[in-house]
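Undergrad: Construct the entire structure; sequences and hints are all you get.
Read off the chains here:
Number of protein chains: 2
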Amino acid sequence: MVRINVIQKLVYPTPSKIILLLIDGLGDIPSEEGGKTPLEAASIPNMDELTKKGICGLMDPISTGITPGSGPSHLALFGYDPFKYDIGRGVLEALGIGLGMTKKDVATRANFATINEEGIITDRRAGRISSEKCRELCELLQARIKSIDDVEIVIKPSKEHRFVVLFRGEGLSDRISDTDPQKDGHPPKEPKSLHTEAKKTEKIVTEFTKRSAELLKSHHPSNFVLLRGFAKYPDIPYMNKLFKIRPAAIATYPMYKGLARLVGMEIIECGETHKEEIKSLKENYPKYDFFYVHIKETDKAGEDGNFSSKTEVLEEVDRYIPEILKLKPECFVITGDHSTPCKLKSHSWHPNPLILYSQYCGADGVEKFCERECVKGGLGRLDATELMPLMLANALKLKKYGA
Amino acid sequence: MVRINVIQKLVYPTPSKIILLLIDGLGDIPSEEGGKTPLEAASIPNMDELTKKGICGLMDPISTGITPGSGPSHLALFGYDPFKYDIGRGVLEALGIGLGMTKKDVATRANFATINEEGIITDRRAGRISSEKCRELCELLQARIKSIDDVEIVIKPSKEHRFVVLFRGEGLSDRISDTDPQKDGHPPKEPKSLHTEAKKTEKIVTEFTKRSAELLKSHHPSNFVLLRGFAKYPDIPYMNKLFKIRPAAIATYPMYKGLARLVGMEIIECGETHKEEIKSLKENYPKYDFFYVHIKETDKAGEDGNFSSKTEVLEEVDRYIPEILKLKPECFVITGDHSTPCKLKSHSWHPNPLILYSQYCGADGVEKFCERECVKGGLGRLDATELMPLMLANALKLKKYGA
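Chains as they are written, first to last, in the working numbering: chain A, 11 to 413; chain B, 11 to 413.
For the record, the hints were derived by calculation from the structure and aren't laboratory data. Mixed in with the good hints there might be a few duds.
Identical copies carry no separate label here, and so any pair may be met within one copy or between two of them.
As the list claims (entries may be wrong) - Computed cross-link-like contacts, SDA-like style, restricted to lysine to any residue with a CA-CA straight-line distance of at most 20 Å:
(1) Lys285 x Tyr263
(2) Lys209 x Glu180
(3) Lys19 x Lys410
(4) Lys386 x Gly372
(5) Lys94 x Arg13
(6) Lys94 x Asn15
(7) Lys63 x Trp359
TA: Next up, the structure:
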């Protein structure tokens, strides 16, 4: 168990630099018995070469058997106890569409839904309306509901039937129950305060639901709004304070930028492609000493069950490795935030292969970067929360503990 | 996480014996990419033979990434939570020069330093005066400052500019700030009580600093005393009580004897060499059932960055293994308290290779005692605090847990 308060006392600022290349959904399992994983099938000579110089291991994102969402798995990688710091669904959705939040906000994931004359939800997703329709309806709602009492309302579309509602004002709480019954054939639930501090929020949310239903009356099948995952912006200590580093994030998707911003990273704008991300890394290399570089497409390929696409992305990323190594980071790590096996088409609990390379990393016998070989690595099996102390140690940023 | 209170309930006394051969600073990394570690380079046929019969692993002294001082790393090996029991700097220094402490004492590490007429420290180490000069000045101070109020003052030299001051009396506290500013070019700090219970100590330390400065006035460059790391003797439960064993320590350096005394071991006097240590072990074998045998010279070689010297010490130690095995201990362990890689010339965070041999240890495929092979061992990756329960189990000293 990593004690962040101990690490905090040992860390001191140095010019040494750390690059964490995070390949989203990296880990995998063979799609058929006796088969290979995408890492095993891919031609990744640069990563393989690095395993010979570096030290390897298998890393559990949260703990054995637990499949993480992107929120907790990223927090753990950034050195935070994912059981202590909770990123609510509403916040993650807001981060995912690039919606800036303040500490006064309560965010909630919203669905356009279909309700019948008896007040029963017949389709929680309103027939998966188009993203275009969603945007139109969000604009309609936003134009007519700018505030309720002293609470500002911010409405932003996501994809298809999904959108986000932010309640912004003093004295709001996220201890409110969902209005989404999570099943068709039921009436929407009343938003209930789960704590006396949430009474005001309950009133505002009740009023929002009522007003939005009135505005949507003539917009069948999108004639109702369901809300779930009320969440305040979590109060997480910043990485620069905890680890005395200047951290920067290079990511193409809003959610990962948002997660990085949560822990106080600076967000480097970097375009849309992996190639542009690496270019950005090189350009900004002198300005920071910790770089989180996020590769999204592996996870997407895994979610689609597209084995060959995952393999191709890995091969593309492999071609960037020499460019990254030319920067001569004092510590360079390649790993994933969680596995996304093509066979499961979803996040999973499987540990991620990991290479750590530094001048002081030590040696093991691993010669190929994949799940089956990394299990024999010198780092053994580790928890994601152990990575941050390990990277700091390898960059010689940690003092001795005790006399 | 080991639960010492659970182990304490399960343990029962038996005649079986445990020998822990502690090779200080054992673990290492290749000094060059692609190179060997000292254990890999050394010819250690007896240890290699033992890996075939025993079971191996890699052991983290404290937790991932943390480089331990000798205090916490030894406590962990002896089965204590190193985050719970803190050995302050002053105490470790006192132990290091063989200065016996009582529970009434506050120990502090002292430096002879140079102060100019404006009251600015110009050299925190007084030009690294000779150990001989240090002894002389300590004698001078001790002769003139025997006590302050009802507090006895004990002054003992260490090496060069270093010495130890013990404040011995009722109602003293170690919650006092350092007078050493840790940088040249600053005035010495006032000793400040960090808690109301330390008011008396603050007064005594202030007076000591004043009196010693007067006595040293004409002894430029050693004309001031800086104090840091005020620490009381920690209250640690003894091993015989916790583990129902009769533990003994065989070590040549005062600090390790002191650490062993802290946890209630008996100290066997054993001379100066490793050879004498092994002789002592054999002579005293019938009298105890737990032996901590400390080998210092590996750590020293690592601190000096002397790869071939570290290799030679390992080869020397290897030659004693058959003699130790002839004693037929029920459980025999070889490991280190922390790594001291020659490349780093200091303690490090790297895990230590470990062999455990007993009649009931089980088997793994490891055939060579080194970092790279032990990672494949049957014990996997373990925390130092897990070693004590594991040794007790292998010596059949632990009852079943639960019905």
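Undergrad: Now tell me, hint by hint, if it's right for this structure.
TA: Here's how the hints hold up against the structure:
no.	hint	verdict
1	Lys285 x Tyr263	within (14 Å within a copy, 57 Å between copies)
2	Lys209 x Glu180	within (13 Å within a copy, 46 Å between copies)
3	Lys19 x Lys410	within (10 Å within a copy, 34 Å between copies)
4	Lys386 x Gly372	both (14 Å within a copy, 15 Å between copies)
5	Lys94 x Arg13	both (12 Å within a copy, 12 Å between copies)
6	Lys94 x Asn15	both (13 Å within a copy, 14 Å between copies)
7	Lys63 x Trp359	between (28 Å within a copy, 19 Å between copies)
Hint check: no violations occur; every hint is consistent with the structure.
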